[in-house]
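Produce the complete structure using the sequences and hints provided.
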Amino acid sequence: MASAERSIEVKVGMLILVSLAILAGFILVMGGINFEKKFTVYVDFDNPGGLQTGAPVRIAGVKVGSVDEMQFRGGEIDAQGRRSMVRCKLSVQEKVHSSIREDADFYVTTQGVLGEQFLAIDPGTPTKPILDPEKTIPHGIGPPRIDLFLAKAYELLDMTVTGLRNNQDLVKEIIVNTAGLLTGLNGSVQDNRDRINRIMQNLEALTVEANTLTRDARGKYVDNPQIDRTLANLDKITGDLQKDTGPLLKDAKEAMANLNRASATVGDPEGQAKLKKTIDDVSDLAHRADLIAADTQEIVGHIKKGDGTVGALVMDEELYDDLQEMARDLKHNPWKFFWKN
Amino acid sequence: MSVQSRQATVAHRGFVFDLGSAAIDLARSGWELYSVFARTLYFVARGKREKGAVLRQMYEIGNKSAFFLTITMGFIGMILVYQSGLQTKRILPDFTLLGATYLELLVRDLAASIGALMLATRVGAGIAAEIGSMVVTEQVDALRMCAADPIDFLIKPRFIASVIMTTVLIIWAAAVAYVAGGATAYFAFDVPWRTFLNIQLVDHGDLITGLTKCVAYGAAIPIVSGYCGLSTFGGSEGVGWATTRAVVNSSLAIIVLNFFISAAAFVVFPK
Amino acid sequence: MISFKHIKKAFGPKPVLDDVSFDVKRGEVFFIIGASGVGKSVLIKHLIGLLRPDGGEIWLDGEEISRKDELGMMPVRKKCAMVFQHSTLFDSMTCAENVALPLRKHRGMKTRDALIEAKNRLEVVHMQDFADRFPSELGDGMRKRVAIARALTLDPTYVLFDEPTTSLDPVSARRVDKLIRELSDKLGVTSIVVSHDLASIFSIADRIVMLYRGKVKLMGTPEEFKAVDDPIVQQFIHGRAQGPIE
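Line by line, the protein sequences give chains A, B and C.
All residue numbers for the first sequence refer to the working numbering, where the first residue is 8 and numbers rise by one.
All residue numbers for the second sequence refer to the working numbering, where the first residue is 9 and numbers rise by one.
All residue numbers for the third sequence refer to the working numbering, where the first residue is 866 and numbers rise by one.
Hints are not guaranteed to be accurate.
[Unchecked claim] Examples of chain C residues lying across from chain B (beta carbon under 8 Å, computed): (1) Met866; (2) His871; (3) Gly937; (4) Ala946; (5) Thr953; (6) Met958; (7) Met974; (8) Phe1067.
The hints are simulated quantities; they were obtained by calculation from the structure and are not laboratory data.
Beta carbons are placed, not taken as given, at the ideal position from N, Cα and C, and that holds for glycine.
Structural data, given as structure tokens:
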């Protein structure tokens, strides 16, 4: 019986050993780069997105380490006066330390379209000194918040569409008024061309009297507190417009900047082209809004300086009212800048 | 009592009575099962050692099931990878993560659960039949007369052996299933070995969950089957019944345990 | 001395024992007889705690044992051993290991010592040559002898026999009867025998109790049984197919 007993022992022992070997091997491989020398780098993030502890750290696609720890600091200021929301502790192979420079970028991105998020390091310019993790804690770039961007874009689009839809008649009216205004202006100038010529001749002949006359006229019309008030109002209105559109443009620019980053990592060429076009369009609109504000400012400037005395002379109450109406409209509905015929 | 009222009482006894008595039976079985488990653990700690008994049971449960388990898990691995490969091809023909997700699924859940279900049929039936036939031939009564507690003498060695060998066998089965899956991926979908062999998605939480399941199932099978064996009655027909009950209840126990352990793992190791 | 007082036992709705009371004196060979299924085996299993009565008391040597738990029954089982109907040796052990088991478990003896002692015990029943064989290799008569050796291992004061001669050939059956009688005469062992072997009953019994429909029908010496006028008793002890017993 002893030999049978022994053979049973051997067989059972073998089975257990084989299994334990498989398990041990598996655990070792899971541990991965356990036997390399590592150093620690801290990176601060405002929002690291879906980055998990244990996620790989890659340089140019090659895994060189992993995320050890993620500590939520909630805006605390540390000993060196740095403020951070989330501080990530990275464990990186020592042998790649020398390639990470002071201006290296640390950003969170995704593998493929639906893969897990990992931390990528852009080594930075080779001429800069090597990053010293003891002294510097770089600020990482969070993953493109496509959700936020979409929300803002949607909001903007919604406002624009609603505004346009609700004020169709008003928009029509403005167009008609502006067209009318311009036609009126043109007509006036045309009709009075001979007269203006004659006045010019008279003025040339009677320079002194003309100067006195214009000086008086100026005193009466240009230095008029009413006109001053109107000009002051116009100034204020365009200034406000500038102020309102300013942040709007700034947001759009910021969104575009992130979009640019996003579009760089989005793989699809067709999508990229579309995104590019959208960016171009928005850029176009912004540029146009800028021009309009500049122009308006210029016009007021001219009138103020006294250029186009014609303007001063021709300017009457009706015109003033129209202008004020248009300016008020634009002030309350700034999206009308973006409407294209 | 008049005839009508007696009839009424009997009729009333019908459904509600059956339901109630079924519930009471279930509760009683549950309590007895728990008591078997508790006493087994007690004897593991304080019982008398029977030389060679545990080793013999380890051979019976482990080595004797190894071949059967290898074949079944090999085939199951092939089926799993083939089917999921077909699905992947339909949605997004990107097989880079096929090996990784398959390994994670194996380690976290499937190797333990499917392997244990296979083992439950063989090991559970064996234990219930052995113990059941001992009950109907009064050997269990004779054991009690000889001051050998049946749970100490019969169930304890099988319990220890099962916990160890189930874990061992499932580790082996997982390896077999993984290799079989890899071969399938290579021959059916041209996925190269280097791509398939991807441990990236498995973390220590998955491994701990899987091993916990192995231990839990290894404990459940002999306890449930032993209990069914010990509560046999009625001769050879009774033994047949006990064996069937053992396999069914062991499988049920495995599936229920799977749910609870997976739920706990989801809380402790969130993904 | 053993006393059964008003024992009641039912399996499900059917009562098997319905108010059974009798005494067994020290050193006698006491037979319990009755038709198959009347509850004889059930009755003696109560003595070693394999079953618990639904009602009534069982007294053994001045102690009430029917409500004791497993641990409390241990000393009772040392005093009171049982030879089961089908010998009930453990299939997975040799004869020697079978006999050694009570020594190891009850007395805590080491396995090696227990096996030596077991072989001695097997000599008493002339089975020492089969010590290392498995029960499945033996015939019925031989298995019965090993089972008796196992029951006698701890030198019990009471031995219960559940139908000891039922499946044996006549020669082996008489041998077993002789053994039981000798136990009583030579060692003062009290034997309680459940049987319906008429030859055994009337050759070695000191006293007999007959159970019928869950109750005691008659208790007395074999002579009293032969002499009584009850048709049911007469049908049984003469082994007649026709009669009031269904």
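Outcome of the hint check:
1. For methionine 866 of chain C, the suggested interface contact is broken, since its CB lies about 21 Å from the closest CB of chain B, more than 8 Å.
2. At about 25 Å, the closest approach between the beta carbon of histidine 871 of chain C and any beta carbon in chain B exceeds 8 Å, and the interface hint on this residue is violated.
3. Restraint check, glycine 937 of chain C versus chain B: the minimum CB separation of about 12 Å is more than 8 Å; hint violated.
4. At its closest, the beta carbon of alanine 946 of chain C sits 7 Å from a beta carbon of chain B; the interface hint therefore holds under the 8 Å criterion.
5. A cut of 8 Å between beta carbons decides the hint on threonine 953 of chain C: the least distance to chain B is about 5 Å, and the hint holds.
6. With a least beta-carbon distance of about 10 Å to chain B, the hint placing methionine 958 of chain C at the interface is violated under the 8 Å criterion.
7. Taken as an interface hint, methionine 974 of chain C does not check out: its beta carbon lies about 12 Å from the nearest beta carbon of chain B, beyond 8 Å.
8. Residue-level restraint check for phenylalanine 1067 of chain C is violated (minimum Cβ-Cβ distance to chain B is 28 Å; threshold 8 Å).
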